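Could you put together the complete structure from these sequences and hints?
Protein chains in written order, with this note's numbering: chain A, 85 to 673; chain B, 8 to 257.
FYI, nobody ran anything at the bench for these hints, they're computed from the structure. One or more of the hints may lead you astray.
Claimed, not checked - If you anchor each label on the Cβ, the simulated ranges turn out as follows:
1) B:Glu25 - A:Asn584: 54 to 64 Å
2) A:Glu268 - B:His29: 41 to 51 Å
3) A:Lys535 - B:Thr62: 15 to 25 Å
4) B:Ile247 - A:Glu234: 24 to 34 Å
5) B:Ala222 - A:Glu430: 21 to 31 Å
Unchecked claim - Capping the alpha-carbon separation at 27 Å, the derived lysine-lysine pairs in DSS-like fashion look like this:
6) A:Lys350 - A:Lys431
7) B:Lys38 - A:Lys555
8) B:Lys248 - A:Lys431
9) A:Lys431 - B:Lys38
10) B:Lys19 - B:Lys61
11) B:Lys103 - A:Lys431
12) A:Lys141 - A:Lys672
Every value quoted in this text rests on a predicted model; they were computed, and no experiment measured them. Positions of the beta carbon are idealized from the N, C-alpha and C atoms, including for glycine.
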Amino acid sequence: MASNPRIIVIGGGLAGLSAVIKIAEMGGQVDLFSIVPVKRSHSVCAQGGINAAKNLKGEGDSPWQHFDDTVYGGDFLANQPPVKAMCEAAPGIIDLLDRMGVPFNRTPEGLLDFRRFGGTLYNRTAFAGATTGQQLLYALDEQVRRYESEGKVTKYEGWEFLSAVIDPTRVCRGICAMDLRSMEVRTFPADAIIVSTGGIGAIFGKSTNSVVCTGSAQSALYQQGVYYANGEFIQVHPTSIPGEDKLRLMSESARGEGGRVWVPKKSGDQRDPKSIPESERWYFLEEWYPKYGNLVPRDVATRAIHKVVYEHHLGIDGKPMVYLDLTHIDRKVLDRKLEGILEIYEKFVGDDPRATPMKIFPGMHYTMGGLWVDFKQATNIPGIYSAGECEYQYHGANRLGANSLVSCIFGGFVAGPEAVKYARNSTSAASNGCFDAERKRQEEINAHLMKAEGNENPFLLWRELGDVMTKNCTVIRYNKNLKETDAKLVELLERYQRINLSDRTQWANTSFVFARQLYNMLQLARVIAQGAIMRDESRGAHHKPDFPERDDKNWLKTTKATFAPDADEPKFEFEPVDVSLIPPRTRKY
Amino acid sequence: MADHKNVIIRIKRQADPESRPHWEEFELAWKPGMNVISSLMDIATNPVTRGGTKTTPITYDSNCLEEVCGSCAMLINNRARMACSALVDQLEQPIKLEPFSKFPVIRDLSVDRSVLFENLKAVKAWVPIDGTYDLGSGPRLSMEDQEQAYPLSRCISCCCCMEACPQFNESTGFVGAATISQVHLFNTHPTGRALRRERLAALMGDGGIQECGYAQNCVEVCPKDIPLTRSIAQVGGEVIKQAIGDLFRK
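Written out as structure tokens, the structure reads:
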């Protein structure tokens with residue numbers, strides 16, 4: 085149909101912007117929707133780097149080795165062909181970013197520098213100080229601004245996606261969105277839409293994610309019939325800094341540059357860490373995993389820290405904290421390679437990590453699960469594509485550090501052209517009645533929420549949600565607790581119906597917007613909890629002490645949740661994993 | 008400093024762009040590690056003023072809470088800074104929160120800073136690549152050049168430098184330090200240089216770089232310690248050179 089199709093991209097992080105650039109380059113017209121100005125998207129928080137097997141250190145690294153590390157790190161749950169394609173494309177992506185002006189760190193010869201990251205033995209991670217995500221996002225943001233000034237991209241910043249507009253033949257024809265200032269609800273037609281709305285951290289209360297990472301868009305789509313896959317796989321990052329308002333990430337690059345994790349051997353040791361002699365420190369990761377040491381994958385490191393704190397009772401001062409120590413590394417090296425994260429620790433904790441070991445603890449960080457997509461990034465509803473953290477494709481049961489940035493950009497680079505191709509071959513919409521119907525549905529939800537006269541405080545409901553999800557659906561999982569969690573979610577959904585907003589104004593009402601998101605968080609939380617209940621095995625980030633082994637016979641399968649409107653809860657089916665390239669083997673670091 | 012029992016916060020509120028501002032005072036229970044954002048979250052959970060009057064949660068911009076997205080800039084005790092990194096224990100009480108004064112207020116502490124993004128468009132703050140298809144590696148860059156570029160590239164578009172600048176106001180139309188510094192960044196990039204003359208031309212005339220009064224407030228408030236005055240001096244010199252050159256070419 086349209087030779088210059090109109091594509092809507094939702095979310096302006098790395099995945100969304102990558103898709104936008106490809107579409108504009110192909111002659112498409114883009115409407116880009118984002119809650120925040122796209123330059124403020126959560127991708128800026130990625131710190132350590134981006135993986136690509138460029139083999140610039142003479143180590144014999146290759147895209148196949150990257151592919152193998154990624155599949156093995158993900159405990160063989162990822163479909164292999166798209167992962168292989170990503171690893172093969174990664175070196176070209178780094179070159180492109182370099183050409184766009186990303187100030188990657190350099191070697192003395194002026195070439196790209198690479199460092200080590202978790203789950204690999206190769207120096208494969210390109211980096212720009214310790215603010216790589218920020219630098220990558222800015223480079224893409226600048227290219228999109230260029231297209232914007234040429235009239236190829238229209239930005240709708242300060243708009244929140246509410247739902248897809250789906251016609252009676254179950255084809256997506258556009259979206260319904262809300263202006264976060266005027267609270268106006270509007271529909272926008274498109275030949276295809278790309279959902280790149282990032283993470284779901286807010287479902288766990290405090291996480292390393294940004295405020296906008298609620299998963300609300302994914303949940304809305306799931307409730308409209310899009311499959312949600314592998315929801316139970318939640319990455320808990322081993323090293324975060326607990327805070328009142330959020331858990332701040334302390335990048336894996338700290339360990340990539342030689343940082344060491346330890347606790348005093350004596351329980352309750354009150355001494356200044358610098359005065360504790362080597363012989364009285366326990367470098368437990370190095371002892372348990374001599375080959376990978378401090379750079380075991382995140383799920384492994386996180387469980388090890390939990391064990392040291394909760395089974396060996398060796399947390400610092402009896403608290404759930406361990407040391408991450410950089411003090412043995414030269415200050416100049418630290419400043420050149422890690423300044424951004426050292427600054428975060430200094431500003432938010434008040435100690436200088438160059439002089440004193442940091443105190444860290446695991447924190448919810450990433451969802452491996454997300455909207456189900458095929459190898460073309462298409463969901464099960466024609467016209468809806470997805471890329472980035474909000475989809476499930478590349479990381480299996482555990483994501484390796486520095487693979488998220490490459491998966492976002494690669495996913496966007498696939499989704500953009502595929503959406504254009506789809507739009508060029510699709511037939512035009514027959515009726516526009518579906519637009520009015522969807523707008524009315526959303527306006528009714530808003531009116532109902534605005535009027536609600538109950539006694540439940542949405543912020544307190546959210547706190548209860550975060551507490552129960554963090555307690556039962558993160559590092560260690562037991563079926564009994566998971567079942568209690570799902571029951572609690574049902575209770576919260578029921579109490580949600582008696583919500584009471586402290587602000588009912590129709591202008592830039594942030595608590596109203598939050599309350600809307602909260603409903604979607606609760607629905608998606610059930611997908612996570614129920615998926616975890618069903619999967620009776622341990623694989624990657626999903627760990628059940630009652631089922632400690634990986635069970636390929638029964639569970640080498642993708643979990644697919646679909647919303648059952650009548651039952652108001654998820655329904656599950658399971659799909660075999662494509663392991664056609666690397667036969668599954670035992671994962672042991 | 009307060010006795011660590013309670014925290015007093017005074018907030019300048021405004022219902023919408025047309026309304027008159029007014030002040031509200033809140034008293035919160037002190038918690039360790041509190042910052043301005045967590046205080047605003049506490050108020051949202053229980054929006055009651057110090058005098059016991061029910062009110063609405065505060066509208067403010069925020070996202071990453073790690074001082075890297077640039078969202079939560081506001082005036083805190085009269086200083087332009089990021090709310091996420093403003094630790095309560097390091098602030099004099101009562102803590103005074105106001106929206107930026109030189110940008111249109113949307114509601115409460117949230118302001119419209121889109122002018123910066125428009126300025127970045129005007130100076131073509133991008134590297135003009137041929138396309139995203141495979142064209143091999145980028146230009147070689149020495150460690151030294153990377154170390155010059157990287158700090159400039161860490162600008163989070165918070166607009167603190169513009170808020171603090173005495174010359175940034177309606178009568179001058181000054182573009183402000185952040186944009187000038189981005190011009191410097193792209194004009195020194197091996198490929199970005201291609202648009203050097205257009206960028207400098209965009210900084211000539213009314214609202215251009217000559218409006219800078221060298222007050223140095225920008226570099227003083229920048230949360231990322233970007234050497235803004237150095238960028239302004241460099242770009243200023245180049246703008247003058249180009250302007251004189253243009254004069255002779257006419």
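Hints, verified against the model:
no.: 1; hint: B:Glu25 - A:Asn584: 54 to 64 Å; result: 28 Å, violated
no.: 2; hint: A:Glu268 - B:His29: 41 to 51 Å; result: 26 Å, violated
no.: 3; hint: A:Lys535 - B:Thr62: 15 to 25 Å; result: 20 Å, holds
no.: 4; hint: B:Ile247 - A:Glu234: 24 to 34 Å; result: 31 Å, holds
no.: 5; hint: B:Ala222 - A:Glu430: 21 to 31 Å; result: 28 Å, holds
no.: 6; hint: A:Lys350 - A:Lys431; result: 30 Å, violated
no.: 7; hint: B:Lys38 - A:Lys555; result: 22 Å, holds
no.: 8; hint: B:Lys248 - A:Lys431; result: 41 Å, violated
no.: 9; hint: A:Lys431 - B:Lys38; result: 17 Å, holds
no.: 10; hint: B:Lys19 - B:Lys61; result: 16 Å, holds
no.: 11; hint: B:Lys103 - A:Lys431; result: 20 Å, holds
no.: 12; hint: A:Lys141 - A:Lys672; result: 26 Å, holds
Checked against the numbered hints given earlier, the structure breaks hints 1, 2, 6 and 8 and satisfies all the rest.
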